[in-house]
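Asker: Every letter in the sequence shown is one number past the one before it in the working numbering, and letter 38, counting from 1, is 306.
Please note that a few of the clues may not be correct.
Unchecked claim - DSS-like mimics (lysine-lysine), calculated; alpha carbons at most 27 Å apart, straight line: (1) K321 - K415; (2) K385 - K326; (3) K300 - K415; (4) K411 - K422; (5) K371 - K385; (6) K371 - K326; (7) K271 - K326; (8) K326 - K298; (9) K321 - K418; (10) K418 - K334; (11) K343 - K411; (12) K276 - K300; (13) K298 - K271; (14) K276 - K346.
Calculated from the structure, these hints are not laboratory results.
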Amino acid sequence: MEKQISRKEIYDGKIIHVVCDEVELDDGTKSKREVVYHHGGACIALKDSRDNKYYMVKQYRYSLEKDMLEFCAGKIEKGENPDEAILREAMEEVGYEAINVRKLGTIIPTCGYCSEKIHLYYGETGKEVGQHLDDNERIDLYKYTFKEIKDMIKSGEIDDAKTISLMYYVEMAGLDA
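Go ahead and model the full structure; you've got the sequences and the hints to work with.
Answerer: Next comes the structure, spelled out in structure tokens:
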């Protein structure tokens, strides 16, 4: 167990809060720990109930300087429940109410320095409500079969960790048909 000795606040923004702590290890050694606090996210494998294809979003990710193909996902607002967040994100990004929603698991994508947890869901399309993107969002929608998504993961075309993890969970739950 590590004991916090001091904390330096580095940045407090809209999405992340960054600190640098000085800690004492169990043998008395002192070290630094840089931590990014994040409210977490939610991601859904949303299957179109009409053709059994999954909705994917493509958007430019500034931090990586490239377009990423991913399942619909978004950050959880402060105080928001992940179950509510994923319903909101499905409507905003894909334009459908999500029905028959099941939580499949939770992943911790970067445990070495970040507190973010991503909650993973499966759902099907319900009523169409139309996309309601944030002013700064630029998203293109695509639909693929489960096999096509797996093939894009194998080829490296899809390299988003939450999408890859969620594909595994969907398959384990037997929802890939």
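Asker: Determine for every hint whether it applies to the structure shown.
Answerer: How the hints compare with the structure:
1. Among the hinted pairs, K321 with K415 is consistent with the structure: their alpha-carbon atoms are about 10 Å apart, no more than 27 Å.
2. Among the hinted pairs, K385 with K326 is consistent with the structure: their alpha-carbon atoms are about 22 Å apart, no more than 27 Å.
3. Simply put, K300 and K415 have alpha-carbon atoms about 45 Å apart, too far for the 27 Å limit, and the pair is violated.
4. The suggested pairing of K411 with K422 holds, with an alpha-carbon distance near 18 Å, which does not exceed 27 Å.
5. Taking the CA atoms of K371 and K385, the gap is about 14 Å. The hint holds against a cut of 27 Å.
6. The hinted pair formed by K371 and K326 meets the criterion: a straight-line CA distance of about 23 Å does not exceed 27 Å.
7. Pair hint K271 plus K326 does not hold up; C-alpha atoms about 42 Å apart against a cutoff of 27 Å.
8. Among the hinted pairs, K326 with K298 is inconsistent with the structure: their alpha-carbon atoms are about 44 Å apart, more than 27 Å.
9. Note on K321 and K418: the hinted pairing holds, with a Cα-Cα distance of about 13 Å set against a maximum of 27 Å.
10. With a CA separation close to 21 Å, the supplied pair K418 and K334 stays within the 27 Å bound.
11. The suggested pairing of K343 with K411 holds, with an alpha-carbon distance near 22 Å, which does not exceed 27 Å.
12. Using a Cα cut-off of 27 Å, the hinted pair K276 and K300 holds, with the two alpha carbons roughly 10 Å apart.
13. Restraint check for K298 and K271: the C-alpha separation of about 9 Å stays at or below 27 Å, so the hint holds.
14. Simply put, K276 and K346 have alpha-carbon atoms about 22 Å apart, close enough for the 27 Å limit, and the pair holds.
Of the numbered hints listed earlier, those contradicted by the structure are 3, 7, 8.
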